[in-house]
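First to last, the protein sequences are chains W and Y.
Going by numbering that gives the first Met the number 0, the residue at position 139 of the first sequence is 138; the numbering climbs one at a time, nothing skipped.
Going by numbering that gives the first Met the number 0, the residue at position 297 of the second sequence is 296; the numbering climbs one at a time, nothing skipped.
Derived from the structure by calculation, the hints contain no laboratory data.
All values derive from a computational prediction rather than experimental measurement.
Be a bit skeptical, because a hint or two may be false.
[To be verified] Not the full set, but computed from the structure, chain W residues with beta-carbon under 8 Å of chain Y: (1) H53; (2) Q82; (3) D92; (4) A93; (5) P95; (6) L158; (7) P162; (8) G165; (9) A166; (10) A253; (11) R268; (12) L290; (13) S294.
[What the hints assert, rightly or not] Covered by chain W, per the in silico footprint, the following chain Y stretches (three or more residues, Cβ under 8 Å): (14) 36 to 44; (15) 465 to 477.
Idealized CB from N, CA, C, for every residue including glycine.
If you want the building blocks of each chain, they are given just below.
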Amino acid sequence: MLTFIVRRLLLALPVLLGVVFVVMLTIDLLPGDAVSLMLGEHATPEAVATLRDHLGLDKPFLVRYLDYVGRVLGGDLGRSIQQNRPVAAELADAWPATLELAAAALLIAAGLGILAGVASAVWPNSLFDALARLGSLFGLSMPIFWTGLVLIVVFSLWLNWLPVGGAGSLRHLVLPAVTLALPSVAMIARMTRSAVLDVLREDYVRTARAKGVGEAWVLGRHALRNACIPILTLIGLQSGQLMGGAVLTETVFAWPGLGRLMVKAIFARDYVLLQGAVLVFALAFVVINLLVDLSYGLLDPRVGRQG
Amino acid sequence: MRRSLLALLVLALTVALVPAAGAQKRGGTLTIVRPTDPVSLEPNLETTAPGAWVYFNMLEGLLALDDKMQIKPALATSYEVMSPTKVRFKLRPNVKFHDGTPFNAAAVKFTYDRALHGKPPARWASLAGSLSGAEMVDDLTVDIVTREPYGPILRTLAMYCMGIVSPAAVQKLGPDFSRAPVGTGPFKFVEWKTNTHVIIERFNDYWGDKALLDRVIFKVVPEEGARMIALQTGDADMVLFPSPAQLPALRTDPKFTVHETTGIRVVFAGLHAGQPPLDDVRVRQALLHAVDRKSIVDNIMEGSAGPARGVLAPGVFGYKDMQLDKLYPFDRARARALLAQAGWTPGPDGILAKGGQKLSLSWLAARGRYPKDGEITEAIQAMFKEVGVEARVQVLEWAAVFQQVRGNPLNHHMFTLGWVTSNADADYSLFALFHSKQAPPAGWNTSRYANARVDTLVEQARRSLNQSEREKLYFEVQDILAREMVWIPVYTTKEIIAARSGVKGFQIHPVEYNLALWKTWLDR
Chain W
0 MLTFIVRRLL LALPVLLGVV FVVMLTIDLL PGDAVSLMLG EHATPEAVAT
50 LRDHLGLDKP FLVRYLDYVG RVLGGDLGRS IQQNRPVAAE LADAWPATLE
100 LAAAALLIAA GLGILAGVAS AVWPNSLFDA LARLGSLFGL SMPIFWTGLV
150 LIVVFSLWLN WLPVGGAGSL RHLVLPAVTL ALPSVAMIAR MTRSAVLDVL
200 REDYVRTARA KGVGEAWVLG RHALRNACIP ILTLIGLQSG QLMGGAVLTE
250 TVFAWPGLGR LMVKAIFARD YVLLQGAVLV FALAFVVINL LVDLSYGLLD
300 PRVGRQG
Chain Y
0 MRRSLLALLV LALTVALVPA AGAQKRGGTL TIVRPTDPVS LEPNLETTAP
50 GAWVYFNMLE GLLALDDKMQ IKPALATSYE VMSPTKVRFK LRPNVKFHDG
100 TPFNAAAVKF TYDRALHGKP PARWASLAGS LSGAEMVDDL TVDIVTREPY
150 GPILRTLAMY CMGIVSPAAV QKLGPDFSRA PVGTGPFKFV EWKTNTHVII
200 ERFNDYWGDK ALLDRVIFKV VPEEGARMIA LQTGDADMVL FPSPAQLPAL
250 RTDPKFTVHE TTGIRVVFAG LHAGQPPLDD VRVRQALLHA VDRKSIVDNI
300 MEGSAGPARG VLAPGVFGYK DMQLDKLYPF DRARARALLA QAGWTPGPDG
350 ILAKGGQKLS LSWLAARGRY PKDGEITEAI QAMFKEVGVE ARVQVLEWAA
400 VFQQVRGNPL NHHMFTLGWV TSNADADYSL FALFHSKQAP PAGWNTSRYA
450 NARVDTLVEQ ARRSLNQSER EKLYFEVQDI LAREMVWIPV YTTKEIIAAR
500 SGVKGFQIHP VEYNLALWKT WLDR
């Protein structure tokens with residue numbers, strides 16, 4: 000087991016290096032550079048040249064890439080170009096907020112999604128099932144920024160129950176977490192419904208019922224446990240989605256997280272800051288995937304034996 | 000030549016002593032929402048609005064600009080011109096920084112040395128012309144020195160980003176100073192939570208009238224819709240950059256006050272006069288006649304901008320109304336006549352042509368950099384078509400437009416830009432934009448305009464420290480420019496701030512960055 004984890008983490012290293020390379024190249028290929036954006040319309044060419052030189056931006060791309068990788072391996076994420084502040088400090092300010100938001104959204108998505116999916120599977124083609132399907136379609140189709148604004152209008156402006164935006168308390172967390180969770184709730188509900196329905200048609204479920212096992216036990220012990228693998232895979236994938244969606248949600252709800260930091264870095268062409276943020280995201284993906292893989296072994300003993 | 004600022008001060012005091020309607024109330028917290036977090040809270044690293052709005056209330060310069068754009072004393076009380084490159088300032092006595100250390104000539108010298116000779120220099124160094132530093136005379140007297148005679152020196156020193164910082168605090172905090180600046184202003188720094196808020200509070204040892212508010216919170220709300228809802232629910236008292244679409248409703252609602260004034264940015268369609276076909280002045284004049292500028296201001300800007308009466312905005316020193324509406328009224332017949340004079344005749348597809356070449360202009364524009372820049376570009380494109388001129392508009396992201404416009408050569412006939420006269424002195428614009436030696440990459444003469452008389456006049460005006468003489472020289476420059484138009488000026492920006500009506504005593508300033516909150520109070 001331990002060798003498995005270590006091997007997976009080592010394999011992540013080239014992935015992270017590749018991510019850094021691609022991001023840095025993209026920023027380099029974008030028109031406009033950090034310094035002229037920073038100094039604005041009024042900068043003299045000498046001022047631009049001095050600052051570029053000071054920041055090391057005049058070095059060739061590969062040199063800057065190797066420089067950066069070398070520093071990161073030494074544990075230094077550098078200083079942001081625009082703010083001249085340690086990137087590690089910027090990330091430390093921002094990532095707990097994103098983690099909080101994504102975790103809350105994941106909890107809502109998994110809880111609501113599985114409940115709704117199981118209910119739909121138990122009573123297929125019922126009124127509830129029809130409503131759940133309609134709701135899922137809605138949840139999947141509506142863009143986050145639209146849902147977010149509608150929720151703000153209803154719960155902040157009309158009902159005055161919840162704050163418009165910002166972070167700090169549980170009340171601040173409700174609207175952004177729900178907004179972010181909605182598309183995932185829909186996905187998970189759909190997946191749970193079909194997975195549970197499939198299992199419920201299996202012979203062993205019929206056998207279980209035939210020998211007089213109670214319906215709750217059939218669902219919990221036989222159906223859901225066996226339907227778990229695809230649902231869990233989806234939840235793993237969704238956690239990645241949630242972090243991506245956080246960029247939009249954080250903007251709509253003024254949530255001070257990594258997503259907003261990334262947007263800011265892109266507009267300022269601040270590749271050092273952007274790299275740091277992307278590294279955190281990439282690392283989170285790697286860890287989530289690892290956790291999902293490990294959980295397969297817990298849920299399905301066969302996976303562990305084969306692995 | 001000695002001139003005291005005392006007279007101005009007396010005038011300001013008289014105005015302040017006129018009793019205000021309704022007594023001012025002290026105390027309370029003002030919550031402001033705006034779209035982005037500061038880059039930094041000290042001017043050396045930040046010259047854009049998100050940071051300037053905050054530090055303008057904490058740091059003061061030697062001089063300031065009042066809301067009529069006149070120079071008034073701040074940390075200096077009087078000045079005397081010693082030589083064409085040296086101005087001597089008497090400093091205000093008994094002024095303390097927020098950290099308790101005294102303000103003096105050494106602090107002025109320290110601030111300018113650090114900004115102008117630091118590695119790298121301050122981001123505002125390019126705004127400050129030939130300002131080269133400060134020399135101490137005695138504890139409360141300082142000489143401001145320039146490399147060459149520099150007429151705009153007073154307005155340059157009155158810029159929002161020229162605040163004097165506490166040397167002791169800079170030494171103590173090091174790089175962290177940029178996140179917790181210490182100045183002499185009416186508010187002092189409390190806290191900055193990245194991407195969440197900045198808090199400042201009243202400085203009780205301020206030398207002048209103390210601020211009325213206890214605290215100000217600057218919150219970040221990136222989404223325009225969410226900002227406006229925050230104002231309505233009372234989560235915010237004031238919105239910077241309010242949504243233009245909602246302003247008409249807010250103006251008529253007694254719960255809100257919309258503060259507005261003419262700004263100092265002119266947004267224009269620039270013409271590349273250094274190459275055919277726009278090197279022909281008749282073609283340029285025809286293009287001005289072809290554009291219904293009033294309709295653009297009324298229908299596209301919907302009252303959130305003022306008409307552009309020239310290449311400068313009215314608040315700028317040296318501004319002259321260029322009488323564009325009289326010289327170049329919207330008149331398609333005159334446009335066609337001028338184009339015909341220049342030898343352009345209608346081709347088979349209705350587009351004018353000369354010698355087999357179509358009158359087809361390539362036009363570089365961004366969308367979203369200046370209010371409605373994309374829309375006005377499209378509107379003018381359609382108006383050109385009515386007189387047989389084709390415009391091929393290329394809309395790119397701002398960073399890309401910037402790179403091309405600032406580069407040399409420029410492979411477009413036209414470009415949409417906005418220009419702020421940052422130090423509110425005509426020199427800043429007329430020199431950098433119209434002197435023949437200022438073509439990119441040296442300066443911002445993107446039109447490649449070249450007129451020897453204009454060159455002489457702007458050089459002379461820059462060297463003179465006699466302000467009324469300078470004004471006359473700038474008037475003549477604008478008279479020449481009015482005849483030879485290398486821009487189609489479209490609108491002058493308005494500064495607009497929406498607030499709840501309980502926010503009293505707030506005076507909006509033509510310079511976007513000058514958000515003065517020390518006279519503001521809350522009635523609730």
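* Index of numbered hints that the structure contradicts, given in increasing order -> 5, 6, 12, 13 and 15
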